[in-house]
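Chemist: Next come the chains, spelled out residue by residue.
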Amino acid sequence: GAVVSQHPSWVICKSGTSVKIECRSLDFQATTMFWYRQFPKQSLMLMATSNEGSKATYEQGVEKDKFLINHASLTLSTLTVTSAHPEDSSFYICSARVGQRRYEQYFGPGTRLTVT
Amino acid sequence: AQKVTQAQTEISVVEKEDVTLDCVYETRDTTYYLFWYKQPPSGELVFLIRRNSFDEQNEISGRYSWNFQKSTSSFNFTITASQVVDSAVYFCALSEVNDMRFGAGTRLTVKP
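Sequences listed follow chains A and B, in order.
Here the first sequence is numbered in my numbering, starting from 1 and rising by one per residue.
Here the second sequence is numbered in my numbering, starting from 1001 and rising by one per residue.
Calculated directly from the structure, the hints in this document are not laboratory data.
Here a beta-carbon is modelled for each residue, glycine too, at the ideal position from N, C-alpha and C.
Treat the hints with caution; some may be incorrect.
To be verified - The following residues of chain A were derived to be distant from chain B, with all beta-carbon distances above 10 angstroms:
hint, residue
1, 18
2, 24
3, 63
4, 80
5, 88
Unchecked claim - The calculated BS3-like cross-link candidates involving lysine-lysine, where the alpha carbons are at most 27 angstroms apart (straight line), are:
hint, chain 1, residue 1, chain 2, residue 2
6, A, 41, A, 64
7, B, 1003, B, 1070
8, B, 1003, B, 1038
9, A, 20, A, 66
10, B, 1016, A, 41
11, A, 55, A, 20
12, B, 1016, B, 1038
13, A, 20, A, 64
14, A, 66, B, 1038
15, A, 55, B, 1003
16, A, 41, A, 14
17, A, 41, B, 1111
18, A, 41, B, 1003
19, A, 66, A, 55
20, A, 64, B, 1003
21, A, 41, A, 20
22, A, 66, A, 41
23, A, 66, A, 14
Input sequences plus hints: build the corresponding full structure.
Modeler: See the structure below:
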């Protein structure tokens, strides 16, 4: 099956710093990638949708200036959490669709972010 | 509005019991896809099944079975003869044109 990788798998950063999370589709081209956030014992909440070469579409309540998403190629999307605060600590999961196939979406293993 | 509803927050059963996890969805799309995922403590989602809106055939895979009913907008998941290894959080998800959204999840605990 298709593989989506995320790097790093976990990261600890200090409050006020920025951290970048990479999401790569290893063996397919992903026109559309998604970023989800999951707080402990909660569901995956969609943060934003990004299409290659376009600006990301953010869900209501997600600060676009705080969570910068760049989908510069068909295999790479990055999420940068700027000026991180402890409340940004969460499990971030990316997902990628194979071309335009909305029935074929693969998930990365997730990145656990802890802001101290 | 919540598009995927999993009303059962937590379920606890004893090994070998059968258990059904409920999922109700809401969509205006005529073509959509429904999924079930398992999330063990590691956090990585494990794909279990995908169903498209035009295929209402029920499916069985080993101890797992799924019942899709468009008339009631439900896509329920049954584990037969549950095992301790089935303990996890299970998510139902709906994929529409632009995105995939998840239900709140059901935490299943199977006790020996």
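Chemist: Now tell me, hint by hint, if it's right for this structure.
Modeler: Against the structure, the hints come out as follows:
Residue-level check passed: residue 18 (chain A) sits 23 angstroms from the nearest beta carbon of chain B, beyond 10 angstroms. With a minimum CB-CB distance of about 15 angstroms to chain B, residue 24 (chain A) clears the 10 angstroms threshold, and the non-interface call stands. Taking the minimum C-beta to C-beta distance to chain B, about 19 angstroms, the non-interface status of residue 63 (chain A) holds against the 10 angstroms cut. At the 10 angstroms boundary, the C-beta of residue 80 (chain A) stays outside the reach of chain B, the nearest C-beta of that chain being 21 angstroms off.
Consistency note on residue 88 (chain A): stated as away from chain B, and its beta-carbon is indeed over 10 angstroms from all of that chain's, at 17 angstroms minimum. Between the alpha carbons of residue 41 (chain A) and residue 64 (chain A) the distance comes to roughly 25 angstroms, so the proposed pair stays at or under 27 angstroms and holds. Taken as a hint, the residue 1003 (chain B) and residue 1070 (chain B) pair is honoured in the structure, with Cα atoms around 14 angstroms apart against an allowance of 27 angstroms. With a CA separation close to 19 angstroms, the supplied pair residue 1003 (chain B) and residue 1038 (chain B) stays within the 27 angstroms bound.
Our distance criterion of 27 angstroms between C-alpha atoms is met by residue 20 (chain A) and residue 66 (chain A), whose separation comes to about 12 angstroms. For the hint pairing residue 1016 (chain B) with residue 41 (chain A), the CA-to-CA distance comes to about 26 angstroms; that is within 27 angstroms, so the pair holds. As the CA atoms of residue 55 (chain A) and residue 20 (chain A) are separated by approximately 17 angstroms, the hinted pair is consistent with the 27 angstroms bound. Pair hint residue 1016 (chain B) plus residue 1038 (chain B) holds up; C-alpha atoms about 19 angstroms apart against a cutoff of 27 angstroms.
With a C-alpha separation of about 14 angstroms, the suggested pairing of residue 20 (chain A) with residue 64 (chain A) holds against the 27 angstroms cut-off. This hinted pair does not check out: residue 66 (chain A) and residue 1038 (chain B) have alpha carbons roughly 30 angstroms apart, beyond 27 angstroms. For the given pair, residue 55 (chain A) sits about 25 angstroms from residue 1003 (chain B) by alpha-carbon distance, which is consistent with the 27 angstroms threshold. Annotation: proposed proximity of residue 41 (chain A) to residue 14 (chain A) holds, straight-line Cα distance about 24 angstroms (limit 27 angstroms).
For the given pair, residue 41 (chain A) sits about 20 angstroms from residue 1111 (chain B) by alpha-carbon distance, which is consistent with the 27 angstroms threshold. Between residue 41 (chain A) and residue 1003 (chain B) the alpha-carbon distance is near 19 angstroms, which keeps this suggested pair within the 27 angstroms criterion. Distance restraint check for residue 66 (chain A) and residue 55 (chain A): the Cα-Cα separation of roughly 14 angstroms lies within the 27 angstroms cut-off, and the hinted pair is therefore satisfied. Note on residue 64 (chain A) and residue 1003 (chain B): the hinted pairing holds, with a Cα-Cα distance of about 24 angstroms set against a maximum of 27 angstroms.
With a C-alpha separation of about 24 angstroms, the suggested pair residue 41 (chain A) and residue 20 (chain A) falls inside the 27 angstroms cut-off, and the hint holds. The straight-line distance between the Cα atoms of residue 66 (chain A) and residue 41 (chain A) is roughly 24 angstroms, inside the 27 angstroms bound, and the hint therefore holds. Taking the CA atoms of residue 66 (chain A) and residue 14 (chain A), the gap is about 15 angstroms. The hint holds against a cut of 27 angstroms.
Violated hints amount to a single one, hint 14; each of the other numbered hints is respected by the structure.
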